[in-house]
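Asker: Below, each chain spelled out in residue letters.
Protein chains: 2
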Amino acid sequence: MSDTKPAILLVQPQLAPLGLMLEAEFTVWRLWQGPPLEASRTIGALVVAGDAPVDQMLAEGLPRLGLIACFTAGYEGVDLTWARTRGLKVSHSPAVNGEDVADLALGLMLAAWRRIVEGDALVRGGEWRADEKLITPSLTGRQVGIVGLGVIGEAIARRAEAFGLKVAWWGPHEKDAPWPRAASLKALASESDILFIAARSTEENRGMINADILAALGPHGLLVNVARGALVDETALIAALKEGRLGMAALDVFATEPTPPERWADVPNVVLSPHAAAATTGALPKMFALTRENLRRFFAGEPLVNPVVE
Amino acid sequence: MSDTKPAILLVQPQLAPLGLMLEAEFTVWRLWQGPPLEASRTIGALVVAGDAPVDQMLAEGLPRLGLIACFTAGYEGVDLTWARTRGLKVSHSPAVNGEDVADLALGLMLAAWRRIVEGDALVRGGEWRADEKLITPSLTGRQVGIVGLGVIGEAIARRAEAFGLKVAWWGPHEKDAPWPRAASLKALASESDILFIAARSTEENRGMINADILAALGPHGLLVNVARGALVDETALIAALKEGRLGMAALDVFATEPTPPERWADVPNVVLSPHAAAATTGALPKMFALTRENLRRFFAGEPLVNPVVE
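Protein chains in written order, with this note's numbering: chain A, 202 to 511; chain B, 202 to 511.
Just so you know, the hints here were simulated from the structure itself, not pulled from any lab data.
One should not assume that every hint holds.
[Said to hold, decoys possible] For lysine-lysine, the following DSS-like pairs were computed, each having C-alpha atoms within a straight-line distance of at most 25 Å: (1) B:Lys-367 x A:Lys-487; (2) B:Lys-443 x B:Lys-206; (3) A:Lys-443 x A:Lys-387; (4) A:Lys-367 x B:Lys-487; (5) A:Lys-376 x A:Lys-387; (6) B:Lys-443 x B:Lys-387; (7) A:Lys-487 x B:Lys-376; (8) B:Lys-387 x B:Lys-376; (9) A:Lys-367 x B:Lys-334; (10) A:Lys-206 x A:Lys-387; (11) A:Lys-387 x A:Lys-367; (12) B:Lys-387 x B:Lys-367; (13) A:Lys-334 x B:Lys-487.
Model the full structure from these sequences, guided by the hints.
Answerer: The structure is reproduced here in structure tokens:
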């Protein structure tokens, strides 16, 4: 029976939970289990986490490959020019997790600003003393800057306003929005107490949150990144935190993932999160449903629901 | 010179930082430093953290005492009937920290719901694995219940709405509000995914968040307490968390403070915070200014700014 079902290849082990659910409709191969050579003649689609670079050698060794289905909203791991040249379609799972990502972004902001992780450790360590308060700055009236005003950026903005925070944003393109657009990324960082990164990651904006931008955010500023590690010069970020040139950071994404813990061992004022912003019981089933539907349509010869390249 | 200034007594060591700032205008005695006996003849006002019981024996040994100035918004440590009988005035510092307390309340909700403290420990401990996501429930569309719709409760409600949460509340008195009032505290807990405690603590509501209310909140519910530990039956809370009858808790306040860390060592799904909700650089100066002004007015024979008993 399984030969009659279209064959797909799951590329990264974190996609393992999808396998069982896709097996009803597809013959599922798992790259990390070393599929047999003969599978290469049948695989019609790759399922990938879109933030990791797609192995082009692997793809080019699959003669029947026609679709790269990104389980994620992000697809920066796929070279779209290459995909077009090779006649490959690309799909992704957009806009299903904006609210969840914004929730974690605000949670990380509050955890850093109000020192919630530190407070928990202090109580558990028996270091809470009656004569020493854990005193933090007030948030009310502070200025928030949002880099990238897409679905996630707008969801962050709406939440921030309810906290009495002022909101501005920057992105490369003007758009109609109820919040002012800063003159530049650097101007936004200079004006902000809290800078949220919510931009799509591309080759063009790699490392755009560099030493200069971090200096503009300054020694009392907080950087919150729920987008992609590649957007930030992480070496410059660590140096700025260690030297007190940046106040705080709260990071859900990193230059490499999982990030090596020793990299952060002596970095002060940072909250670390294991790329969990979109990993919710609400978002994952929707991402799964979109991925399955894009696969189904591809093999049925129908237009994709969420095409990046078609 | 100091004899010409009115004399005041700071009661708890956590009020120590006030001492230096009040010395310009007052002769400041500190109870924890053992003031000399002759000071008892001069002290006209006590400055207290209003949540701790005022020592009536101490107060009655001060013949010139006329004011109990609570540095805090809360004044449940003062027996108001006793104060009136003794001819003592009572002041407090209300409504200066509602936004700050609501900020931490939402921060604790997000930290518990999205497992932010756990995520940070996981990354630092090198336990973040590529093939195992930290998956949490989505918040969007959940039901929030707020116990006590005062300044803090309303500030929590406004923030919660921006997260796409539905809001209801309960308090002993009907009031005009844009959110529905539940039929009872138990009905509110039953309907809620997240229950915020934001009520004033009184003798009447001691332990009102009891085993019955926690059962109504249930095995997927989250209790957030930024009010007072006395409102919750903490023994019942710990039992419910250990047995999985309550989903999660995030606590800024405790039955005794500082809470003994061993009490929480084997309690799962709880975020602990060292009574820090109102301890902000924004709120503390305002609380200080109100306390100083109430003291100044009392000694000048003028009406108090924030009287509880006058």
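Asker: With reference to the structure, classify each hint as holding or not holding.
Answerer: A quick look at each hint next to the structure:
1. B:Lys-367 x A:Lys-487: 22 Å, holds
2. B:Lys-443 x B:Lys-206: 55 Å, violated
3. A:Lys-443 x A:Lys-387: With Cα atoms ~21 Å apart, Lys-443 (chain A) and Lys-387 (chain A) stay inside 25 Å; holds.
4. A:Lys-367 x B:Lys-487: Between Lys-367 (chain A) and Lys-487 (chain B) the Cα gap is close to 22 Å, so the pair holds against 25 Å.
5. A:Lys-376 x A:Lys-387: 19 Å, holds
6. B:Lys-443 x B:Lys-387: Judged against 25 Å, a Cα distance of about 21 Å means the pair holds.
7. A:Lys-487 x B:Lys-376: Given pair Lys-487 (chain A), Lys-376 (chain B) is violated - Cα atoms ~40 Å apart, limit 25 Å.
8. B:Lys-387 x B:Lys-376: 19 Å, holds
9. A:Lys-367 x B:Lys-334: Between Lys-367 (chain A) and Lys-334 (chain B) the Cα gap is close to 33 Å, so the pair fails against 25 Å, i.e. violated.
10. A:Lys-206 x A:Lys-387: 53 Å, violated
11. A:Lys-387 x A:Lys-367: Holds, because 17 Å separates the two Cα atoms, which is no more than 25 Å.
12. B:Lys-387 x B:Lys-367: 17 Å, holds
13. A:Lys-334 x B:Lys-487: It holds: about 16 Å lies between the C-alpha atoms, which stays within 25 Å.
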